[in-house]
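Asks: Single-letter residue listing:
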Amino acid sequence: MIQLKNIERTYRNGLQRGWILRGVDLEIKEGDFATIMGPSGAGKSSLLNIIGLLDQPDGGTYELLGQSVHALRERKRHELHKEHMGFVFQAYHLIDDLTVYENIETPLLYRKVKSADRKSRVAELLDRFNMVAKKDLFPAQLSGGQQQLVGVARAIIHKPRVLLADEPTGNLHRSQGEKIMELFKELHQEGMTIIQVSHSEKNAAYGNRIIEMEDGHIR
Amino acid sequence: MFINNLKIAIRNLLKHKYITGINLLGLVVGMTSALLIWQYVAFEKSYENFQEKADRIHRVVTNRYVDGNLTMEFAAGAAGAGRVLKENFPEIEDYVKVRGAGEVAVIIGNESLREEKMYFAGASFFDIFSYELLAGDKMTCLKEPLTAVISERAAKKYFGAEDPMGKTFSADGDQKFKVTGVYKDMPVNSHMSANILLSYSTFSEILVPEDDSETAPFWDGFYTYFLLKEGVDAAALEAKFQPLIDEQYGEDLRGMNADMSYVLQPLKSIHLNSNILFEMEPNGDANAVWFLMIIGSLVLLIAWFNYINLSTARAETRAKEVGVRKVVGSNRSDLISMFLTESSLVNVFAIFLSLGLAQVLMPYFEDLAGKEIPLNVFSSPTVGLSILMIFLGGTLLAGLYPAFVLSSFKPISVLKSSVNPTKGRGVLLRKGLVVAQFVTSITLIIGTIVVFYQLRHLRSENLGINIEQTLVLKAPTIVDSTYWGKFETFKEELKTQPKINWISTSGNVPGSQFGWTAGGIRKWGADERTSKNLQAVGVDFDYLDTYEIAVVAGKKMVKELHTDSTACMLNETAVELLGLGTKEEVVGMHINFWGDRLEVVGVVEDFHQESPKIDFTPLVLRIASSGNIPNYISVKFKPEGFPETLSAIKAKWSQIFDQNPFEYFFLDEHFAKQYADDQRFGNVFALFSLLAIFVSCLGLFALSAFMAEKRRKEIGIRKVLGASMESLLGLLFKDFLILLLVSILIAAPLSWWGMNRWLSDFASRIDMQWWFVAVAGLGALLIALLTVSAQSFRVARANPIKALKEE
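Keeping their order, the protein sequence lines are chains H and R. Read in order, the letters of the first sequence are residues 1 to 219 in my numbering. Read in order, the letters of the second sequence are residues 1 to 807 in my numbering.
Derived from the structure by calculation, the hints contain no laboratory data. Here a beta-carbon is modelled for each residue, glycine too, at the ideal position from N, C-alpha and C. Hints may be right or wrong, so weigh each one.
Only pairs whose alpha carbons sit at most 20 Å apart, straight line, appear in this in silico PhoX-like list of lysine-lysine [stated by the list, open to error]:
no. : chain 1 : residue 1 : chain 2 : residue 2
1   : R       : K178      : R       : K143
2   : R       : K410      : R       : K371
3   : R       : K117      : R       : K157
4   : H       : K82       : R       : K178
5   : H       : K82       : R       : K320
6   : R       : K410      : H       : K76
7   : R       : K167      : H       : K114
8   : R       : K673      : R       : K371
9   : R       : K474      : R       : K491
10  : H       : K134      : H       : K114
11  : H       : K112      : H       : K134
12  : R       : K117      : R       : K371
13  : R       : K45       : R       : K371
14  : R       : K7        : H       : K119
15  : H       : K185      : H       : K202
16  : R       : K523      : R       : K583
17  : H       : K185      : H       : K159
18  : R       : K268      : R       : K229
19  : R       : K143      : R       : K156
20  : R       : K7        : H       : K135
21  : R       : K7        : H       : K112
Not everything, but these chain H residues come out facing chain R in the computed CB check (under 7 Å) [unchecked claim]:
no. : residue
22  : R77
23  : L80
24  : H84
25  : T106
Could you put together the complete structure from these sequences and hints?
Replies: What follows is the structure in structure tokens.
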């Protein structure tokens, strides 16, 4: 499903040039639940952003579902991102001015889903995540775990092929974190491809693959 | 999607009430100002639009030259212009002549009322112009001698509820006119405003013998309007006039060393662009209208700048939202439309508020502008639509830039909390806009100072005459053979009143144009070609004493020595123009005034007949001959016991001139009317300058709040490190201070140029002073610092621990 070959990502600092990612080869199969691990600055998040089409590599090739992403134009890449990717962040990144319901609904708005369809899909997810009672609250009125649940719901509402998560439990208490990981496991069992970045061995244990990184390489 | 955008926009606006309020207030002030001013400007430009044939109607202006110099431009020009041009040029379809009938007492039965706006008008008047006839036939109503067409207003004034058609009235007791038509009061946006039109044939067939009034080339005072045929090029036609003038009058003109020309003036350009001798009504001033237009637009522009500044300054707080939305799938265009919805909402709301507010404030604005403005965006669809288009266009532009900036953020950079990706974005533009706002404000402050200084200067200028404590009576117009006797009696009896210092009669009083332009004046016996044009005023022997006009050479004219056909006096400018020697040398010379041999007995100091705005004109004062009825009686009274004095005068008047209405005015008030236009311009200028500054400060206030808020952490750290309050405030002021200094540097030459242009209209004017700029600059500096400090103090005084803990 995803094939990365010799991926490079560099940065410039004055006259110096440094590597964030260097010679990364990686294949993710449909239905994988992979965890990218490694110390701070190893390039985990950068790799995740490239896979999620939020960032572009400076070198190498990226094939997604048989399409050469690296050769595509910005607009087309955005379309692919919109269709296939769902993102969960460590800091939740919900929109403060929108209610729970509206936060979850937003991705559907950008995909021009019809109103009736939107309602039923959001309702379905709210129900599944036991959030129906909280649908009219604003993010600030929720606990961190609840916020992250909304974050996950928002990431999967448009039925992406890949769910990308950057330290999804990093800001959460242990029990809340476990709940999110259970949810990931469930989604995985339903066939969702998941790639997460995590420091925690315990979280990694929920998946079926570990990718260890160090200094921009995969070990 | 739109509904969703709207919902989000409303929520966002309500959440940030403070910013929304400032934006809204600024926009409403800006839009209301622009609306009021633009409506006024549109009205000033709407003159004669109601005339169906306006584009084909041209007024003939007569220009007169002496020695090759243009000396006179007459709106009411040569008597003979109409016929000779019509006969020679087939391009002219028709023409109509109009001539002022002067101030006349209209008598109906035993009652008499004074009518000022009365004209003789040719038979085709209602065919050429589109003034609406309510009764009578437009082709024939002004045809016969001794017929009159009156306005609705006049009909009500003279005939009350009765039907005026067929009724008669007499003018000054001379002729009796029959009413043959009634017209709707002339629209306010016309250069003409007549209450009664008498048939021109009355003038040309009864009052003036022979055919003089239709052929005389040197008799001015006739408004002539041409209706050109469709598609005629007025400029090309005008070019053909000169050869004809040469052919017809060339010899006479050369004999007088003079020349003349006829100029075609498009009807629509009269109101704003014509300000020459004998205009029917005081016209507008294209320059003033242009200045106002600019000011109104500037206030609005400043408000939009505020909007742009505040929106981009807020970029940081909205960057995260943009990032998130992009990650969950929004396109840039989705975001742009979201931000545009928000800006449109504020602007559209502001537009509605302004439309309402402008309606409410219109009466006050009319007071300020000193003018009724019967036009608004609702009454004129074209004006309404164009203003709406400007508002919507501006809304779009003001919203577009922030929308582009905000939607440009890359999600991965804004979602990483550690760096601030918005830094530096739009900062240059923001600084540019702040500078633009301050340049505008400072320029307007300087403008206001200059305008008021100039007005003060005009009022304090030594006029060379004393116009205080002067009561002016309008002389009787209903006269008979006993008039002169009665008149002398009236004067003599008033002179005996202890509370009256002086009394004098004259053809004219200060505060109005000299109505008498006398050409052909030269040294007695000199060649006709040395003739000059002078203004003339007929006075009596007490004129100089009454008005305290100084004699700089020779002496006054006195009753015992001089008569109307033996003596005259000149002013200094006239001495210079005639070029016959110094003022001492001129005394004792004789001049030829239309065949009269007049001795120049003295020279008077130049005095301001009109506002010092207008330059001194060459003047000859001569004794009014007994055949010439003076127009005014000036009474110099003692201030104490004035009411008794007035009633005594009135009693005497009724006793002697029974049928004539008793009308008077105070000369200082009459004179001050000339300043009214400039004073009003000054008031409007000051008001809108103030609003511009207010809106700028609103923006600055909010902007400084943002800047201070943004630097809270930095200030916290500096405070912990021991920074003093002063150094912190300095830190916060520094940025604005630099912008302000730049603004002053730009505003100084700009206002210098603009105000010199404005001042150039005044003959007597102040010089631009460096301290105007200094005062305006310091004023702006002070206002800006006060505005900025309100927020800065708060932040600088805050407990640093709080600011640092939040991260």
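Asks: For every hint, state whether the structure bears it out.
Replies: For each hint, the structure was consulted:
1. K178(R) / K143(R): 12 Å, holds
2. K410(R) / K371(R): Distance of about 56 Å is beyond 20 Å: violated.
3. K117(R) / K157(R): Since the Cα atoms of K117(R) and K157(R) sit roughly 13 Å apart, the hinted pair holds (cutoff 20 Å).
4. K82(H) / K178(R): 88 Å, violated
5. K82(H) / K320(R): It holds: about 18 Å lies between the C-alpha atoms, which stays within 20 Å.
6. K410(R) / K76(H): 17 Å, holds
7. K167(R) / K114(H): 79 Å, violated
8. K673(R) / K371(R): Between K673(R) and K371(R) the Cα gap is close to 14 Å, so the pair holds against 20 Å.
9. K474(R) / K491(R): Holds, at about 14 Å.
10. K134(H) / K114(H): 23 Å, violated
11. K112(H) / K134(H): 25 Å, violated
12. K117(R) / K371(R): Within the cut-off at roughly 19 Å; holds.
13. K45(R) / K371(R): Status holds; Cα separation ~14 Å.
14. K7(R) / K119(H): 17 Å, holds
15. K185(H) / K202(H): Holds, at about 13 Å.
16. K523(R) / K583(R): 14 Å, holds
17. K185(H) / K159(H): 16 Å, holds
18. K268(R) / K229(R): Status holds; Cα separation ~17 Å.
19. K143(R) / K156(R): With Cα atoms ~24 Å apart, K143(R) and K156(R) exceed 20 Å; violated.
20. K7(R) / K135(H): Within the cut-off at roughly 17 Å; holds.
21. K7(R) / K112(H): It holds: about 17 Å lies between the C-alpha atoms, which stays within 20 Å.
22. R77: 12 Å, violated
23. L80: Because about 11 Å separates L80(H) from the closest Cβ in chain R, which is outside the 7 Å limit, the hint is violated.
24. H84: This interface hint is violated because 11 Å lies over the 7 Å limit.
25. T106: At about 6 Å, which falls below the 7 Å cut-off, the nearest Cβ of chain R leaves the hint on T106(H) intact, so it holds.
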